[in-house]
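Novice: If you want the building blocks of each chain, they are given just below.
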Amino acid sequence: MNASRRQLLAGGGLLVAFSLAGHGLAQLAGGGEGGGAPKPVRPDLPGSLKSNPVLESWVHITPDGKITVFSGKAELGQGIRTALLQVAAEELDVPPAAIDFVTADTARTPDEGLTAGSHSMQDGGTAIANACANVRMLLTRAAAKRWGVAPDGLSTNGRAQVTAPDGRSLGYGALAADLSLQVEAVPNAPRRDPRHYRTLGHDLPRVDIPAKLTGGAAYVQDLRLPGMLHARVVRGPSYGTHLAKPQLDRARKMPGVVAVIANGRFAAVVAEKEWQAIEAMRVAQDSDYVRTLPPLPVEDGPHRLQKLPTREISVLDTHDGARPAWKTVRGSYSRPWYSHGSIGPSCAVALAKDGSLTLWSHSQGVFDMHRAVAELVGLPPEKVRCIHTPSAGCYGQNGADDVTAEAGLIAMALPGRPIRLQWMREQEFGWEPCGCGMVTQVEAAIGPDKRIAHWNYEVWSNSHNNRPVGAGGYAVAQQITPGFPAPPPKPIPMPEGDGDRNANPLYVFPNMDVRYHFVPEMPLRVSALRSLGAHLNVFTIESVLDELALAGGVDPLTFRLAHMEDPRARAVMIEATTRFGWAKRPRGDGRRGCGMAFARYKNIGAYCALAMEIEVERETGAITVHRVQAAVDAGQPASPDGIRNQVEGGIIQSLSWATREAVSYDATRRTSFDWGSYPILRFEEVPGSVAVHVMDRPGDPFLGAGETAQGPTSAALANAIADATGARLRDMPFTPEVVKAAIGLGG
Amino acid sequence: MTLTITVNGTRHQVDASPETPLLYVLRDDLGLNGAKYGCGLGQCGACTVQLDGKAVFSCVTPVAAVGERAVRTVEGLGTADRMSPLQQAFREEQAAQCGYCIAGMIMRAQALLDADPHPDEAKIRAHMQTNLCRCGTHMRILRAIRRVAGIPNDGAAA
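Keeping their order, the protein sequence lines are chains X and S.
Counting with numbering that gives the first Met the number 0, you get residues 0 to 746 for the letters of the first sequence.
Counting with numbering that gives the first Met the number 0, you get residues 0 to 157 for the letters of the second sequence.
Just chain S, with the same shape it has in the complex:
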């Protein structure tokens, strides 16, 4: 069936069965790379995008459930040439190894920073708890988020 969704400010008509997870519509129908398939179970966060500013797992969000809510993916934040402040912070901190989790990390962190521009360390960690990184880039990801949150990066302890 034909569904209409708004992604990064643009309305798209897509032909997909209603239960199709948003992840596959973003990747297959719209050709976006940011959201990744990691588990299909909402356990790892590699597929994280925002719906009306809230971080969600696109792998367990049926496309028909999106409705009028605005979808934002990492492509909607900035480009390699014009990065958003959070993307720039990830670049400054070299906060990636394989990077497969990173688009999801950025989208989840951005949702926090949009709701609370100055979260403390405990709040950042609790908010990021749902997203997995296997390379162990956590310390750098935290530094990148702190950079935007205005928390000094002096090896802040938990």
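Isolated chain X, as found in the complex:
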């Protein structure tokens, strides 16, 4: 082990110590976003090895050399399967194609909690790296024993063989026969030297893409089990409603209908063919609806949160001596409720057979699910197996969990027949948990030295984590009889946070008062959406920084660097702006403008800085983004192109959120139920170009890049609009009407 590796491991140890001192190891072990995290039993081990220390949970090698690696993390369409495969291949020192890679299956893989919160590389990748390093160490020792030599002189050759300096070699299969992997990992097994990486850091083409380009069976939607029936749920237009008189008897008589399931207010139709199920559902839903929950906040939007009871959480309270305030900025910022907007409505397949229930689900939390669905259907958890199967991107808790629980209930009523249930487009929009509407308020000042003198920050938010860990977490649990009550919502504690995620600035500001007004009551059903509260918190902080820089007459980049000590944060800011040509950027001229922003996701994840050039059509208020340049530091990249793909996507999704998205509703129901009423960015509206530079950080701990662009992108857009037009927009979305009105008001 070289010195830098030792330092890195020490750094990882420090991070763990910090989280223990903060708010608990279980948080991190569970995927960082709540959930019924597996218990850490070996806190000294890195990543998910803490809760699953036995090597055999992660790696199998048969005597004939077949290698299988197991991960509790799931492919959500972000390329994690390929990235983790690269990690395993590197540390075992075998070609990626030599590994059979098994993901998130409650019967086969280690319980790694949720696949969420950009933790898959940090926790899962780190565990696989160290588990595989342990196995390679044991294989090398086994070879040394066979040859009667010291292990120090032996190496591996990238082809699943241990080699000796005299040219002898032994395959892993033969050596594995001498070994038991029923042993716990050691924390310091030697890792491969980054200078000699064969797979890590290289752009390995994603292993799941060929099937997706050619109509292969790639998704849970494509599962076709023998004797499978198609189901549709029969329900009101959105969460908090039910049908007054569902026409179940009429539906029962429709062609192809095999069964109509009714349990309390939950109903579903089951048919031989999918279209028959849809037609029966439409007949069954021919009914008025009744609202069963308090009216939706038509007048207030997200500002309703400021009128509801709160639980006060102090995030930061620092006192550095009073400093004179020269220029002060005050503002309120907000975002509406968002839909996850998965292109494929949620789907699951369930089979009840011989007292067991098998679920094929695209849930991010299959380990929680097998316990929670067991409770829902009245089976012991060991009788419920949940196999993660990919679907359309979810970006958080969409309908995946609910649809699986419902498929499970239907399957229990029809044992022996596999049930495929897919929600309809309008059901996904109407019933999925939304991304939280949020509000922030800031009062901050710079002194005569043009540095921040004080920083007062407040954020109002619901919990961003209502993922089901028990039966009550599913919407259907309050529809069936007897039902299960919804559990009380809880905030995620720092350092991860939820509504307060990234409310603690990474910048060095004196005299900070940062408060999280946690609002338990949820005007709309909400749960996790990509980056949780970090989106609005980063948007706010980075908007205020530009406002203060403008007030002080300081360049926004210079102003940020003057308040940033973290060298990696400075490096991404300098890299992105240099590549962008920030110093020579066109200055705001009423139409064109440029903006930048930065964040380190959760202050413990990936660093992202970006700059963009935009144009505002003053006559209509329409925004065109001409070009975006980002720089990202996610530690050692598994696949740099995989990170670029994630960050490009995050930029476009965040531009979509900021410019046009908002869940609409009247007092009784959500009214955004299709892509007409919930428009997202299309091809003619995406930027002219998006470039993402991935920083090379050889051997540094994995940081996870899937959510890092969400906050900086929306903030840089607001800053660019302000630069272009002089109008500071603080409430998303910046629709053409909003922009046009602001330009008018701003002169």
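Keep in mind that the hints were calculated from the coordinates and are not lab data.
Any given hint could turn out to be false.
Computed footprint of chain S on chain X; a stretch qualifies when at least three of its residues, placed anywhere within it, have a C-beta under 8 angstroms from a C-beta of chain S [what the hints assert, rightly or not]:
id, stretch
1, 212-224
2, 667-676
3, 685-698
All values derive from a computational prediction rather than experimental measurement.
For glycine and all other residues, C-beta sits at the position ideal for the given N, C-alpha and C.
Dock chain S against chain X, hints included.
Specialist: Only chain S this time, still in chain X's reference frame:
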């Protein structure tokens, strides 16, 4: 009732009510995965296939309306082992994240390239406007199409 349709060059007899959207015949009766259910409203393009070379939303095309027209799905372009040039371009550009929209994207883009092998950037974007991607893979999808259209991928601006 029994209907005859031609999919990827093969004639099939299917038993379906005439108003059944082509999407469900392709998926349920013929076992094809390429066309996806996304909205059932012709708003997202996940279900896009070609009818006589023209891109259509199979979720709002009744099977009885197909008639003699040739249906082509992504399965008719190439296989994982022998991809079509456009599929290869998508692979080269790694133009997918979750990939749920991608078969529809390929079928719509292929219809354009078949009609106009060298469309310009504006024409490509306008043609692809009907198809949604939520992962934000647009820049890569555009690069893949440009690759086949022979437009240099030097970060071409809108």
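Novice: In ascending order, which of the hints set out earlier in this document are inconsistent with the structure?
Specialist: The structure breaks none of the hints.
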